[in-house]
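Fit chain B to the supplied structure of chain A, relying on the hints for placement.
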Amino acid sequence: MITLPLLYNVVGLFFAAIALFSLRDASNPRRILNFAFWGLLAASFLAGSQLSDLGNGVLALGLVVVATVGMGQGKPATTGAEERRQSALKRGDALFLPALIIPAAALGGTLLAKQTQWGAQLIDPAQATLISLILGTLIAVAAAMVWLKPPLMAPLQEARRLLDAVGWAAILPQMLASLGAVFLVAGVGEQVGAVFGQYVPLDTRTAAVIAYCVGMALFTVVMGNAFAAFPVMTAAVGLPIVVLEFGGNPAIVCAIGMLAGFCGTLMTPMAANFNVVPANLLELPDRKAALNGVIRAQIPTAIPLLIANIVLMRLLAFPS
Amino acid sequence: MLVLLGIAVVVFGFLVRANPLLVVMAAAMTTGLAAAWTPAADLGDMHAAALATLAAFGKAFNDSRYVSIVWFVLLAIGLLERAGLQERARMLIAKVQAATVGRVLWVYFVVRQIAAALGLTSLGGHPQMVRPLVAPMAEGAAEARFGALPDRERFLIRSHAAAADNIALFFGEDIFIAIASILLIKGFLEQNGIIVEPLELSVWAIPTAIAALAIHSVRLILLDRRLKRALAAPQTQAEAEAQA
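Taken in sequence, the protein lines are chains A and B. Counting in my numbering, the first sequence runs without a single skipped number right up to 320 at its last residue. Counting in my numbering, the second sequence runs without a single skipped number right up to 1244 at its last residue.
In isolation and in its complexed conformation, chain A is listed as follows:
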């Protein structure tokens, strides 16, 4: 059966290859740093489970140090603009097929693992989507290699080109998840909830609904994740005030409260995988700014939608 640990080995080898190719790229004056960064990440994937917790912490610290010193950008050999245009003309719309294999496999594999007996024997159902995503990628690469006949190392070199464009942001989501764990242990959430409950006036239904929804959004902006904000804000305001004191329907209050948090996710660089990673992937010039282009494109939708959530909760959650 294909399981997550096996996947970690495959992805670890991938990062190790990226590290080695980075080291050999003489066009990058900072190639040692690129090698160190992708090499440490490879070590985490290949050997993380054998390391102690402190060992993994030191490894993460190493990644932070390398990223802070600053990696360069490698220049793997690739095709030029005219070459790509010619290839696109020659190959036609069939070029989309390998790209669509990935989502199709992610979907199909997930369904097989969850719905069929033999699928569950092949793919660990608990991690079906991730495993299917990797399998889909391998199928797509194999198909493209046979059809397009690029140089043998082209997939790794092209992946390195894209990974270097993403740079340190590649591990920001993972780092933020780890920060969330430290926050949890230290009880940061309870403290924020206590401050909120203590200093915000909540004497009418409308005020309580506004406080809960805006609190969900704001706390999500800080934490980068509505899942982290939800238990805290709901325990501090949602449940005791909106539901118990004013009689709101708990299912409606919680469902809409979570969505108010999602409005916060749209407005924060802390939600790195949604807001920072695409800015890097799309090579936006302002990708390092706190409010990069992606976030600025989202704020004008997020704020009216937050107001809509407040209105919806006020109208729907209470008996008339």
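What the hints contain is simulated information worked out from the structure, not anything from laboratory work. Hints may contain errors.
As the list claims (entries may be wrong) - Using 16 Å as the maximum straight-line C-alpha spacing, the simulated EDC-like pairs for lysine to aspartate or glutamate come out as follows:
no.: 1; chain 1: B; residue 1: Lys1059; chain 2: A; residue 2: Asp53
no.: 2; chain 1: A; residue 1: Lys114; chain 2: A; residue 2: Asp124
no.: 3; chain 1: A; residue 1: Lys75; chain 2: A; residue 2: Asp25
no.: 4; chain 1: B; residue 1: Lys1095; chain 2: A; residue 2: Asp93
no.: 5; chain 1: A; residue 1: Lys149; chain 2: A; residue 2: Glu83
Then chain B, alone, in the frame of chain A:
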């Protein structure tokens, strides 16, 4: 109260534009140390707290490696880009007469939102769909109408491509009953003695999903207008100003 210092570190770090990885690590250490601090704590205690925090961070880092697995798809995406996938996406959309940036993104938004509502959240995403297909198609639609794009508008269009993916996903997925956020709500309420079925929760995601679609549709119409104003041929722009 001291543990809130970690949040202050995050806010300060982003304000001074320090490397976010450094900010995250600094915030984690600050939080761990603040939680352990008492007036009686000496240097040895704080040293132990620092190591314990680093270990907690390391354990969580190791446990959340699955978050970074997604980069593996770049093997396929890079290979196809090399063969002209982005160019082909532009060509395809240039053939569609009615295509504008706003309409291309609107169609993607609707498909993504419906797919997410059916639980198909993996049919999208920034490395798999936005960079190789959606952004080039949106750019291609603008290029077919207005010719070569200035950087400002090109990056605006790309930002909107990423935004459409995020917003459609967030306000579609909660309609599906087996998504993580719905299960989190159910679990939370259960701990507090309130039993709700996932379906009772997910139906209440529908009004917000409709609101998100309505609001973002208006945004995309406005985006088309803005692009038209900025990119329409210079003489017509001058004429328009003369008339105004």
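Results of checking the hints against the structure:
1. Lys1059(B) to Asp53(A): Holds. Lysine 1059(B) to aspartate 53(A) sits at ~5 Å (cutoff 16 Å).
2. Lys114(A) to Asp124(A): Since the Cα atoms of lysine 114(A) and aspartate 124(A) sit roughly 9 Å apart, the hinted pair holds (cutoff 16 Å).
3. Lys75(A) to Asp25(A): This hinted pair holds, its Cα atoms lying about 7 Å apart.
4. Lys1095(B) to Asp93(A): 12 Å, holds
5. Lys149(A) to Glu83(A): Within the cut-off at roughly 15 Å; holds.
Every hint from the earlier list agrees with this structure, and none is contradicted.
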